[in-house]
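Going down the list, the sequences are from chains A, B, C and D. The opening position of the first sequence corresponds to residue 1 in the UniProt record's numbering, with each subsequent residue numbered one higher. The opening position of the second sequence corresponds to residue 1 in the UniProt record's numbering, with each subsequent residue numbered one higher. The opening position of the third sequence corresponds to residue 1 in the UniProt record's numbering, with each subsequent residue numbered one higher. The opening position of the fourth sequence corresponds to residue 1 in the UniProt record's numbering, with each subsequent residue numbered one higher.
Note that these hints are calculated values from the structure, not bench results. Be aware that one or more of the hints could be misleading.
No distinction is drawn between identical chains; accordingly, a pair holds when it is met within one copy or between any pair of copies.
Claimed, not checked - DSSO-like, lysine-lysine: derived pairs with alpha carbons at most 27 Å apart:
| # | residue 1 | residue 2 |
| --- | --- | --- |
| 1 | K322 | K139 |
| 2 | K240 | K196 |
| 3 | K322 | K286 |
| 4 | K336 | K240 |
| 5 | K91 | K286 |
| 6 | K58 | K240 |
| 7 | K289 | K322 |
| 8 | K276 | K91 |
| 9 | K240 | K52 |
| 10 | K336 | K196 |
| 11 | K58 | K286 |
| 12 | K289 | K58 |
| 13 | K322 | K91 |
| 14 | K289 | K74 |
| 15 | K91 | K240 |
| 16 | K234 | K289 |
| 17 | K74 | K286 |
| 18 | K336 | K91 |
| 19 | K139 | K276 |
| 20 | K234 | K286 |
Number of protein chains: 4
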Amino acid sequence: MASIAPLKQVFSRSTGATARRGFATTTRLDASYGFIGLGQMGYPMASNLRSKISSSDKMYIHDVNPAVTEQFAKEIGNVEIAQSVRDVAEKSETILTVLPEPHHVQNVFQQMLRPDATLAEAPNNHERLFIDCSTIDPKSSAGVANAVHSSGQGRFVDAPMSGGVVGARAGTLTFMLGASEELVERTTEVLKMMGKRTIHLGPQTSGLKGKLANNYLLALNNIATAEAMNMGVKWGLDPKTLADMINTATGKCWPSEINNPVPGVSENAPAGRDYKGGFGTRLMLKDLKLALQAGAESNIVPHLGAHAQDIYSAVVVDPACKDRDFSVVYRYIGGKE
Amino acid sequence: MASIAPLKQVFSRSTGATARRGFATTTRLDASYGFIGLGQMGYPMASNLRSKISSSDKMYIHDVNPAVTEQFAKEIGNVEIAQSVRDVAEKSETILTVLPEPHHVQNVFQQMLRPDATLAEAPNNHERLFIDCSTIDPKSSAGVANAVHSSGQGRFVDAPMSGGVVGARAGTLTFMLGASEELVERTTEVLKMMGKRTIHLGPQTSGLKGKLANNYLLALNNIATAEAMNMGVKWGLDPKTLADMINTATGKCWPSEINNPVPGVSENAPAGRDYKGGFGTRLMLKDLKLALQAGAESNIVPHLGAHAQDIYSAVVVDPACKDRDFSVVYRYIGGKE
Amino acid sequence: MASIAPLKQVFSRSTGATARRGFATTTRLDASYGFIGLGQMGYPMASNLRSKISSSDKMYIHDVNPAVTEQFAKEIGNVEIAQSVRDVAEKSETILTVLPEPHHVQNVFQQMLRPDATLAEAPNNHERLFIDCSTIDPKSSAGVANAVHSSGQGRFVDAPMSGGVVGARAGTLTFMLGASEELVERTTEVLKMMGKRTIHLGPQTSGLKGKLANNYLLALNNIATAEAMNMGVKWGLDPKTLADMINTATGKCWPSEINNPVPGVSENAPAGRDYKGGFGTRLMLKDLKLALQAGAESNIVPHLGAHAQDIYSAVVVDPACKDRDFSVVYRYIGGKE
Amino acid sequence: MASIAPLKQVFSRSTGATARRGFATTTRLDASYGFIGLGQMGYPMASNLRSKISSSDKMYIHDVNPAVTEQFAKEIGNVEIAQSVRDVAEKSETILTVLPEPHHVQNVFQQMLRPDATLAEAPNNHERLFIDCSTIDPKSSAGVANAVHSSGQGRFVDAPMSGGVVGARAGTLTFMLGASEELVERTTEVLKMMGKRTIHLGPQTSGLKGKLANNYLLALNNIATAEAMNMGVKWGLDPKTLADMINTATGKCWPSEINNPVPGVSENAPAGRDYKGGFGTRLMLKDLKLALQAGAESNIVPHLGAHAQDIYSAVVVDPACKDRDFSVVYRYIGGKE
């Protein structure tokens, strides 16, 4: 796998935050983090963050569901449950948001940044940094970024992630970062506590754009793999032999190699366990739709993507396929299991 | 890249033909090879074969164009130009065919194997082995195999290849073999003189089926990559940064990594030289159509493939795209170069 | 609307069966009819048949659900409930079948026509006529026809219908007939008691082929209309004004004129009542799949049909769309209601 | 065919312009017309206009090709060849433009309406009326309309037409009008001299929007018809019998009835003369692309249209299909002729 380090990838460095702070413990000021959105992804991410920051650093958490913050405080500890997202913003230098839809992100930022009552200076006189890890459309994200920047109350970057719940728990997520150059290092130092890699793709919204382009490609390659495997199997080929050949040849792709849709071909792939777990069809469809909408806004008429949207739309509601890994497309098209 | 050796791949072995023959030079009987079809692929393949077999082995060549066999005899030497394909068959134990279309293969075999005048016993009393490296539809191939086997005049295997003209010249082709188990070793010893790998996919027709499944997948992944890169670039992302990210992520595939359609992204890819060279759009369309037809014969209704066929049909006749590498789809959809 | 009478359409004639029989009442032998399958379509068809034949004619009915035959006997009367489909066949000259799937048709005919125990001669020494009004694939239908004809126990024709439950009740169905020339008149005399028009499309299976070709076209035109109306409405046009224009122009088609998918445009169309009633999405998908499969069997690779199949597959399981008229595609694609 | 008169269609009336003018000949002021763009459509339209207006009315013509205006002056007579489009605008009350692409329309209007040198008052102190009959995208059209209106030098309406060269010659075009209510009557009086029907679809741009929606539908219905007819014919049905059945059934549409793609089915249809004449594939593709782009600007992700674009893109460059009526799609998909 080609390393892309020479370009823009920002790995953790020995001169990074932890090291520097370690050197300066006597004079170091405690940092303060806010975390909004403790869902399936946010909860384990916040947990990893809490375990990596200094124990004297402060962390403020909030979720629409109070039971979740209670549970987090009990299970993980050393956090303060904020009464509101405004409260989180008041007390934190660095605020992370992990939310499902554009309107959630918009609402949270409207509550945090009131035009009539600007936030007090952040602890340590540090400029506030808002890191939004939600996967939303670039246009909505740009709108929120603009509101933050024009209010003068902080800086905003987009950092959607890939790696799923498994990666969130293991702290091995990849973040796709859209941020001004001067914010890349500071953001990366935070994100590396929850993931293994941060890739800076350009100015704000670039993280989201990169994620949508990648997932558009994934959505299509996944269907293509299901169709090609289905053909081979229907023609009488052994699926493992076929996949092995493809994976030394030009058909090789992530769905053929790592997540093969035919049960038993890729070790540990969801196909082997009735397509349970993995990357859910609803999330795939959500990302595909976001890509298509962002494409339409740029006057891009899709080709295969228009068809793929209809395939996933059928899959997400098919009783035999719904709530399963997106490789279940193989079942949808009548593949032999 | 995952090795698939434990399964069915048949690498050259030190106990292979050359070694054995070397050991037994004094008593060894000279082998005889026939080669029919000296086109863009066949010519360099035959050349490699001639250079790898023993100089005392015989080789008989034939092509519809006599100028080509003349040239081969002059450039490569140590061959005999056969007057007809029947003549090739009479004199050879092992006959290779590399032809463009099903009807060419059918015609050549009708001329070689007459029901009224069976071939004399092959040199060395060896059972004749017919290795067809053409990419044709499995049904036609099965028909020819059936004719060969029922005539009792030899054995027939299909061994389409991938690797293109570059691989044919360098002797680094990959062969996808459809053959009875007992023919695999003998066939592989021949093919390894023209390629680096032979993958046995099952009984006769399996080689073709594997190739068509792989190329169906490739045809779709290529369009998907062109579309995803186009989106990213139109949205303002740097194409190399985007591709580097994708290639560490789930969108990674052969077209994104090795043959990226955006000029300057993949080193040495055709995109960087006005899409010249590479895997021609006509060949891609031909293989895709073969896959779709073979699918229809198995009652498989395609999904994305139906659309892809129309995209490549437009590309092959578009003046700005025709006669170029199939990654030129990026240009067809309006990608920024 | 162009009349097609000069070609092959067979309207009822004043010299038709009823009239002729009326003329010959004193010597006329009573006719006997069997009716198998009293579902949503079959029940009203059988009811119309019973009301049109002479009161002294016999009618034998059967359904897998005994409650339905009981109800029919009570509501409509003058019928005999047969104990088995074999019993129906024994007692009837003319047997109609209206069944949902190929396997139902196959099962019923296997029970009726045993190789070991052929049917007794039909009443009046009339050759038995089997009229299958089910919509199944032409291949299965040909198989059943072949079994009937080779058994020598009767003649078989296919006569799928259009017009829906409304047409079945009103007796205004259109039948698409696939039958040998010599059976056309006899079949038409029966069918006209349940519909207003019988179109003879050619030999056996032609009725089904015609219906599938028509419904393939309908499936696509319906989506196309939904998309075009959606565009116009999203662009701010008044839907009725737009539809009126289209219906005087080249976009005019059955879905734009009679069954417009935008509520309030076509009078009495299902769109105006939450898409209730009409031609169900499941039936549309069933017919489309039959057409695509029959196409694949003839090596036809579909173009738009492959995509349409995925659209209807999504629609039939979408909670907001399922179990509604197929014009609900407009809702599925996000049309403004 | 449903009349839409009660809605918005504006037929010629006995109280229309000609009648009124006839009544008032003694005091009537001569009218002045400008006509820009004498191409395949514009030339016969201008000719019809010249023959319908009063012989004392003035007409000023212009085309990029001076030979064409010379020819018009010779053939039709009673016109003045304007030196420039500015000259046309100076001298005319009513200016018609019939141009191929948005940039042509934009250029012509930039030359006519200079911000630094507004046009003198029009003859008869009449407010200038610009009627653009070009088929361009609604956005560009709105831009031009805005420039006209904000300059205060006249009023602008869009009136794309359907009916082709045949309709232009016969004066039987249908115009789809996008105009403010108060301009509808005046515009209609002009257009009726070149066509048989004007349909007012709403404010400026609505004519174009209506045309694009209609032609989007037509583009799809045409492919659908070609596919359905191909199926039926491949299955052995007689094409005329099949089409006759479809045209009494739910598959009926303009391409099945008036312009059937199978040679010999629709009388006088282009299919019967090697698809020559009719509505050219390039124009169909142009309109489809305009519809898709205008759709994308409204965030509409297409379904079947994305695929159709690729089909027509293949057709327009296929040597056997190019420069023919768009029903030649039937040939492209391999239909039996």
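Tested hints:
{"no.": "1", "hint": "K322 to K139", "result": "neither (29 Å within a copy, 33 Å between copies)"}
{"no.": "2", "hint": "K240 to K196", "result": "between (31 Å within a copy, 21 Å between copies)"}
{"no.": "3", "hint": "K322 to K286", "result": "both (14 Å within a copy, 21 Å between copies)"}
{"no.": "4", "hint": "K336 to K240", "result": "within (13 Å within a copy, 39 Å between copies)"}
{"no.": "5", "hint": "K91 to K286", "result": "neither (33 Å within a copy, 58 Å between copies)"}
{"no.": "6", "hint": "K58 to K240", "result": "neither (51 Å within a copy, 39 Å between copies)"}
{"no.": "7", "hint": "K289 to K322", "result": "both (17 Å within a copy, 22 Å between copies)"}
{"no.": "8", "hint": "K276 to K91", "result": "neither (40 Å within a copy, 55 Å between copies)"}
{"no.": "9", "hint": "K240 to K52", "result": "neither (42 Å within a copy, 33 Å between copies)"}
{"no.": "10", "hint": "K336 to K196", "result": "neither (37 Å within a copy, 33 Å between copies)"}
{"no.": "11", "hint": "K58 to K286", "result": "neither (34 Å within a copy, 61 Å between copies)"}
{"no.": "12", "hint": "K289 to K58", "result": "neither (38 Å within a copy, 56 Å between copies)"}
{"no.": "13", "hint": "K322 to K91", "result": "neither (41 Å within a copy, 50 Å between copies)"}
{"no.": "14", "hint": "K289 to K74", "result": "neither (38 Å within a copy, 55 Å between copies)"}
{"no.": "15", "hint": "K91 to K240", "result": "neither (55 Å within a copy, 40 Å between copies)"}
{"no.": "16", "hint": "K234 to K289", "result": "between (31 Å within a copy, 17 Å between copies)"}
{"no.": "17", "hint": "K74 to K286", "result": "neither (33 Å within a copy, 54 Å between copies)"}
{"no.": "18", "hint": "K336 to K91", "result": "neither (56 Å within a copy, 45 Å between copies)"}
{"no.": "19", "hint": "K139 to K276", "result": "neither (33 Å within a copy, 38 Å between copies)"}
{"no.": "20", "hint": "K234 to K286", "result": "between (31 Å within a copy, 21 Å between copies)"}
Going through the hint list in order, the structure does not satisfy hints 1, 5, 6, 8, 9, 10, 11, 12, 13, 14, 15, 17, 18 and 19.
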